[in-house]
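Model the full structure from these sequences, guided by the hints.
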Amino acid sequence: MTTPKPLLNIENLHVTFSTRRGPVEAVRGISLSLAEGETLGIVGESGSGKSVTGFAMTRLLDASGKISGGRINFRDRDITKMTSASLREMHGSAMAMIFQNPRGALNPIRAIGQQIADAILAHRKISASEARAQSLELLRAVKIRDPEKRMNAYPHELSGGMCQRVMIAMAISSNPALLIADEPTTGLDVTTQKVVMDLLASIAAERGMATILITHDLGLAARYCRRVVVMEQGRLVEEADALTLFRSPQHSYTKRLVAASPTATSRVEDLVSDDDKLLVPAIPLPPPPKPAHGTPPLLEVLNLVKRFEDGTVGVANFSMAIAPGESVGLVGESGSGKSTTSRMICRLLDQTEGTINFSGQSISHIPAREFHRAPQRREIQIVFQDPNDSLNPRFNAFDCIAHPLIRLLGMRNGAALKQRVAECAHRVGLPADLLERFPHQLSGGQKARIGIARAIACRPKLLVLDEPTAALDVSVQAVVLQLLDRLRREDNLAFLFVSHDLNVVRMMCQRTIVLRNGAIVEQGESHALFDNPQTDYTRELVDAVPHIEMIAAGKMAAGA
Amino acid sequence: MGLMYSKQMLGAAAALAFFTAAVPAKAQTRAETLRYVTGAAVNTLDPNIPGSTREAFAVSLSTYDRLVSFGRKQLNGKWVFDLDTIRGELAESFDVSPDGLKITFKLRKDATFQDGSPVTAEDVKWSLDRAVTAKILGKAQLLTGSLTDASQFKVIDPTTFEVTLPQPDKLALPNLATVYPIIINSKVAKAHATEEDPWAQAWLKENTAGSGAFIIEQFKPGEQVILKRNDAWNRGPDGKQAFFKRLIVQSVPEPATRANLVEKGDADIVIDLQASDAQALEAKGKLQVISTPQYNALTFISMNNQMAPFDKPDVRRAVAYALPYDDMFKAALFGRGAPLFGATWADSKPPSGAFPIPQPVKLDLEKAKAYLKAAGYPDGFSTTFSFNVGQAATAEPMAALLKESLAKIGIKVDIQKLPDAQMSTQITEKKLPFFTEGVVAWLPSTDYFYRNFYTGNQRWNYSSIDNAELTAVAQKARFEADKAKYEADGKVLNAMNFDLMPQIPLWQPSQDAVMASNLTGYTYQFHRQVDYRDLSRK
Amino acid sequence: MSSATLQHAAFILRGNPITGIAAIGASLLIFVGIFGPWIVPYDPIASNVQNALMPPSAAHWAGTDQLGRDVFSRIIVAAQLDLAIAVSAVGISFALGAVIGALCGYSGGKLDRAVGRFVDVLMAFPLFVLAMAMVAALGNRVENIVIATAIINLPFYIRFARAEVNVRRNLGWVEAARACGDSHVSVVLRFLLPNVLPAMVVQMSLNLGWAIINAAGLSFIGLGVKPPTPEWGIMVAEGARFISTGKWWLVAFPGLALMLAVLCFNLLGDGLRDILDPRQRT
Amino acid sequence: MTTLGATAIRAARRFASSLPALFGVLIFTFLLMRVLPGDPAVFFASGPNSGKEEIETIRKQMGLDKPVPQQLFLYLYDVGRGNLGRSLMTGQNVTKDLRERLPASLELTFSALLIALVLAIPLGVLAALKPGSLIDHGVRLFCALGVCVPTFVSGLLLIYIFYYLFGVSPDPTGRVDIFTTLPPAHTGFLLIDFALAGDFDGWWAAFKQLILPACTMALFVIAPLARITRASMLASLGSDFVRTARSVGLSWWRIIVTYALRNAILPVITIAGIVFSTMLGANVLVEKVFSWPGVASYALDALLSSDYAPVQGFVLLMASVFVIVNLVVDVLYGIADPRISIG
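As they're listed, the protein sequences go chains A, B, C and D. Residue numbering for the first sequence follows this note's numbering, beginning at 1 and increasing consecutively. Residue numbering for the second sequence follows this note's numbering, beginning at 1001 and increasing consecutively. Residue numbering for the third sequence follows this note's numbering, beginning at 2001 and increasing consecutively. Residue numbering for the fourth sequence follows this note's numbering, beginning at 3001 and increasing consecutively.
Bear in mind the hints are in silico, worked out from the structure with no lab data behind them. Check the hints yourself; a few may be wrong.
[Unchecked claim] Derived EDC-like pairs: lysine to aspartate or glutamate, alpha-carbon spacing no greater than 16 Å straight-line:
#, chain 1, residue 1, chain 2, residue 2
1, B, K1154, B, D1129
2, B, K1187, B, D1149
3, B, K1408, B, D1364
4, D, K3096, B, E1206
5, B, K1264, B, E1282
6, B, K1135, D, E3100
7, B, K1220, D, E3100
8, B, K1403, C, D2043
9, A, K66, A, E25
10, B, K1125, B, D1149
11, A, K143, A, D62
12, B, K1190, B, E1206
13, B, K1170, B, D1095
14, D, K3130, A, D78
15, A, K5, A, E25
16, B, K1349, B, E1487
17, A, K5, A, D78
18, B, K1491, B, E1480
19, D, K3060, B, E1196
20, B, K1367, B, D1499
21, B, K1135, D, E3053
22, C, K2110, A, E309
And the structure:
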């Protein structure tokens, strides 16, 4: 039921940050309104101003950010003009916020029960023991097991999902009318993500709270919000109910965004709308090579085991094989051992036991320390997860790409090197004029391209991709995925594609291996595996992925 | 309790306003207290313990009596100890036999130790036996007075004591007045003796068993000693007890703080101020400053006579004529002392047989260059000049001036500042080519100086001079009874010394005793410390 | 330095003019350190005892000392030696500490533990006393003062470099370097070290001031450089003993020089920290 | 309870792992002292007539006539029995000397640290609350000024001003006015002993003696403490959990103190521990200037006269104090930060 008067009404909001380059407008005149009990999704990529909007609504902006124009009316009071005393009064009791990185959002040295009690006592004059009793109630409400015991726990003793529940408990402790959740599940495993979001949705519905979900994930917004607004560069570009938005996006940016978001059925070629394709040099794609039967596998891993110094087992008895030109996905939640495995295969980490054969030759007997001299070094290359920390801050793009050429192919500085680097840059679609730039002067997508250019510079046969797009916005991810796919076909590269994102793996890989606690749970041809999982764990993973299609299936938010 | 405490804290704030007024409440005892501050520290109560400091000597002079003590005389209007007047301390009287081989002491009948027991000849015998037998400092000192063996000491009766000498020795009696031959309460000491330590050295280091004018009240080695008067003591020159009822000897390492303390009247007397502070305090005129040239001591620049290039006398002479004496004296000592340079010797002969006497040298670069040329070093040479950290206040400006001046005749000097222990080690090992040091003789006589500081391969022969003739004359002079012959020997030694120039005497620094204007009786003593018994307040 | 860094530095300086002043002061100091001997009005070593202990005047701006030497000239010339001592002491401990610490932080394991033990031993020493003992043992020459200062500083640099490298050892670009064919040692020296340098430069700047103070302390107890070489610490230590006689200029002017030098380095270090602090960059 | 237990285990482990360091210090000092070119025997045989024989006597007495490895072995044996040897300088047992002097150094250092903390923490917090403001710059300048004056200069200046010129301070000659009777020694800390004895005049006298040297030392260490307070307070104020605290409407005081400051204080504890141990060893100069009968000035005198035993004893003592302080820091940290106990 909607009340005639909106709970929140934002008119022409502007937010400006003062930086060393002068003032920068992060939010450029957005207007929004929200009714009591309504759920609204704000979707946008990084830099779109979605989080800043959230912080502006609660007046929790950093010291350098200022609301430079517009009004935010909350129950007919203009938040932008509130005194700090009335703001404090309003925080928690009228509107509350839930943040990304729940563990960091909790005071690390205060018991969680105490923290919730602090939030309660900030608004009600009750005794400490009453506050404690209520905290316990709230922990029960957010479905924390053993709440009595957890009252005295510290954030580091809880998992990320648990911390987020505590955060929710704190946020709802004084029954606010509006709950703003800023990327509440980013960084959580996909199964945890679902549980937390379901909990949030049901609590909001139960208590009649209006909810604003700020997220980069279209699927998530679609699944949990009735109405969705899309932001781009500080502006609100489109506003519609979720279904309409995904079925028939109007604005070109929204179109691109929808297209770029991988779904269970999307193909790599479909991800990018036409204008983006220009970024990638148009070379006709050869047909995907079919691995001939009977040829020896490019990579063969037998009974790989990794035990760490403290006795924990990272990887237990892992075996697999990759044919030349084949693309294999490695899927699992955090801690499943997928990164450890990929690093052992790359010979960056020594295995405890097991054999790794490359092109029929054992490489597992060469210790990681010595592998940089092995001839296979240039054959096996790796693309790292976060483009931000995979480039040496003191190398410019040229140095980064030239580095393996100099070290592994023994090339000297000179025209040949220049040409080779330029060629690599061209292949990954990096404009030549960017080669002189340093990492901090480049965008995430550009850095990802450099990382790929570096990895393919020596024309390896096997490329290990460790979550290559996890830190990228979807539109950039789409371009990078396409690029990778094309490179694979061109060079007949084999991929070991490590990812937590099932949709991406399904699209990119012919075969998929599901890892859990260092052991293989299930493996098989990708589409078959995802469409018809054989184990409960895989099924759980598949189900947890938010799909746009679900909207059509009527799996809507509120109390799903 | 908590409440009381906070009340006190409130009081604290108020007390800030009048706490200076709280001090006069103690003024009555303050006037009868002597507070002596020094940069060094008292480290033992038995002066015989190896490593004893001069301050420990001074304290022992107050806590122990000796058989005899020095009288005092006026020198240039200032009171100094008199080597030639020996008076009885525990001895009521003493007789030297005509052949000079026997000294008989009659002990005072009223003398008691601080525990009340009488001082007997047995105690004296035990104490002197200890001084020449035990491995302690007294042994080497008493040797210079021909006191070497316990068999020389004899108890005649409880109050009569006899010392026998192998040959007449004019230093025998004075030696008994020095710091080491303290008379110890032998019964008490023996009670603390052990098999390994028959002379109770360990116990006496931290305890006293004497008959002296002051009784130890508190002894914190390295920090402070508090003494109270022994009212029964009457061995002063006038037969009275010591003036001060209480005596505090305290270490204050920072010289500027010592100057502040005495200026503010918080300390009564200081003798180890920097020359500049003494000069400033004297100029202010509020305090008494008694400045006595240390006539039994001297500061010199020594050269290693066994080490090239200083093995050539001409090099040593060249250095002697290249020193800016006046500047050094002014900058280092602020002119406070007796110079030992710039004299004129008639006929180039020493005017006296005493030691030390002013030398006929002055800054003369031409002469210095000539000597250097004669020595075969026309272009000079490089060397290192050392001094110890403890003397930096005077030695450092001196060294800088020396370096500057020697550079003018081509001698390049590198200055080296050594921690005291390193300096003494290197001197003993004869490794230093060129350095400054000071020496003191408790019993200053010409032969004593020459024998100890100019002969033999031993530590105190700083210049390592090895001259057979000089050694022979000095040894002969030691037992020379005839004053005229002794004087003649002295002149020979002085002439040789000047000619050979093994080391260059610079000056006798003053002991600047800075004290409250109402103190009287200060006397410059042989051990270069204050004898607290001398002092009284007007 | 890239233009963005300069821009950022300019931004920081606008918000923090003290750093700018400190930077100017430090450059002035370095200028004086290099050209000092040519710009002084008097020979800093030449004595003139007749003119000793004169208060400041038009002829002698900072008065004269016990030997009649011009205090102002001595202060100016001393800058060279003081800077040399501070820079070389800090430089040595920095160079050694950075390499050792970086290797330990990267490799972990036995080497790390062994060096860690050694650092523990050094840290457990009363450092000033250690410096004194070393200078006393080796002789109070400038080299030894430098060595002693460097050694007592070493553990801090080792720890610092170790920590800085340790947080970076698992970053993508470090692994990437290895995937590109670099050995462990080359990764440490060519990749990690250059990246931890900026943070260590801050430490160095703060340390320069400390090294000067430390040398002054050694001078005070008589273990400083040899006379008659002018050095601030010795001048202050000697001058301090004249406080009670009212010869204030002997301590005031060298003290002021020493203070300003240390102040400049400290403020500069503080400012550099702000400039390099990533938290303030965005 | 489990936290405390874990902290205790951790502390015990830390202590055990620091024993090799102590042993290293022991050996290193021993060797360093043997390298000193000064021969203690020669130095102490300083009587006007002492010769070779006397030097030999002292050498034998000190055991210097034996080969160095044997000396080391004997020394370790003695240390193991709690005997640190005898000081030639004071003629006392080193253990006794140190025991008498350590409380003086500790009391001075504790007071200095207390003064420094009381000043540095609020200053650091103030600066962090308004970064870039005048207050921030003021604090920075004040701190920088504190570190740039050598302690011996500030000490002498304070004496000159407060004792000599204004006469509001007592004479700088030790821990207590010479005319005040000492309280019965319970702790060796005069302020505590006087308080226990209920002797207010005595307490005040001791306090007056203490305040100048303590301030001199404090001045020098305010900077690192304030700097780290500011930095960690800034980090803490900019952290996500402070934002959370703001988002649920906690009061200003609660946010600043309970949330920001309590977290920010953790690194300050570590730094304070380091500062304490360095101060204890580095207050040689302050002790000298104020004639404070502490262990550091004792060690300095011993060092200059090559008196091995006191220096070795002092270094060992300082290293032990260092270990204990680290232990205390660990325990405090363990109590203040629940995260540590699982590590």
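Given pair status - E1206 (chain B), K3096 (chain D), alpha carbons within 16 Å = holds (13 Å)
inquiry  = Holds or violated: K2110 (chain C) and E309 (chain A), Cα atoms, limit 16 Å.
reply    = holds (13 Å)
message = Checking one constraint from the list: CA of K1187 (chain B) to CA of D1149 (chain B), max 16 Å. Satisfied?
response = Outside the cut-off at roughly 21 Å; violated.
inquiry  = Would the hint linking K1264 (chain B) and E1282 (chain B) be met if the CA-CA limit is 16 Å?
reply    = holds (14 Å)
request  = Would you mind confirming whether the straight-line C-alpha gap from K1367 (chain B) to D1499 (chain B) stays at or under 16 Å?
outcome  = holds (15 Å)
key: 16 Å limit on alpha-carbon distance, applied to hinted pair K66 (chain A) and E25 (chain A)   = Holds, at about 10 Å.
K3060 (chain D) paired with E1196 (chain B) [C-alpha distance capped at 16 Å] = The hint holds at about 14 Å.
Distance restraint between K143 (chain A) and D62 (chain A), which requires alpha-carbon spacing of 16 Å or less = violated (33 Å)
query = Do the alpha carbons of K1220 (chain B) and E3100 (chain D) lie within 16 Å of each other, as the hint requires?
reply = With Cα atoms ~9 Å apart, K1220 (chain B) and E3100 (chain D) stay inside 16 Å; holds.
message = Would the hint linking K5 (chain A) and E25 (chain A) be met if the CA-CA limit is 16 Å?
response = The given pair, whose Cα atoms are some 30 Å apart, is violated under the 16 Å limit.
request  = Verify the proposed pairing of K3130 (chain D) with D78 (chain A), using a straight-line Cα cut of 16 Å.
outcome  = Between K3130 (chain D) and D78 (chain A) the Cα gap is close to 27 Å, so the pair fails against 16 Å, i.e. violated.
ask   = Is K1125 (chain B) close enough to D1149 (chain B), meaning Cα to Cα at most 16 Å?
value = holds (11 Å)
Violated hints for the displayed structure, listed by number in ascending order: 2, 6, 11, 14 and 15.
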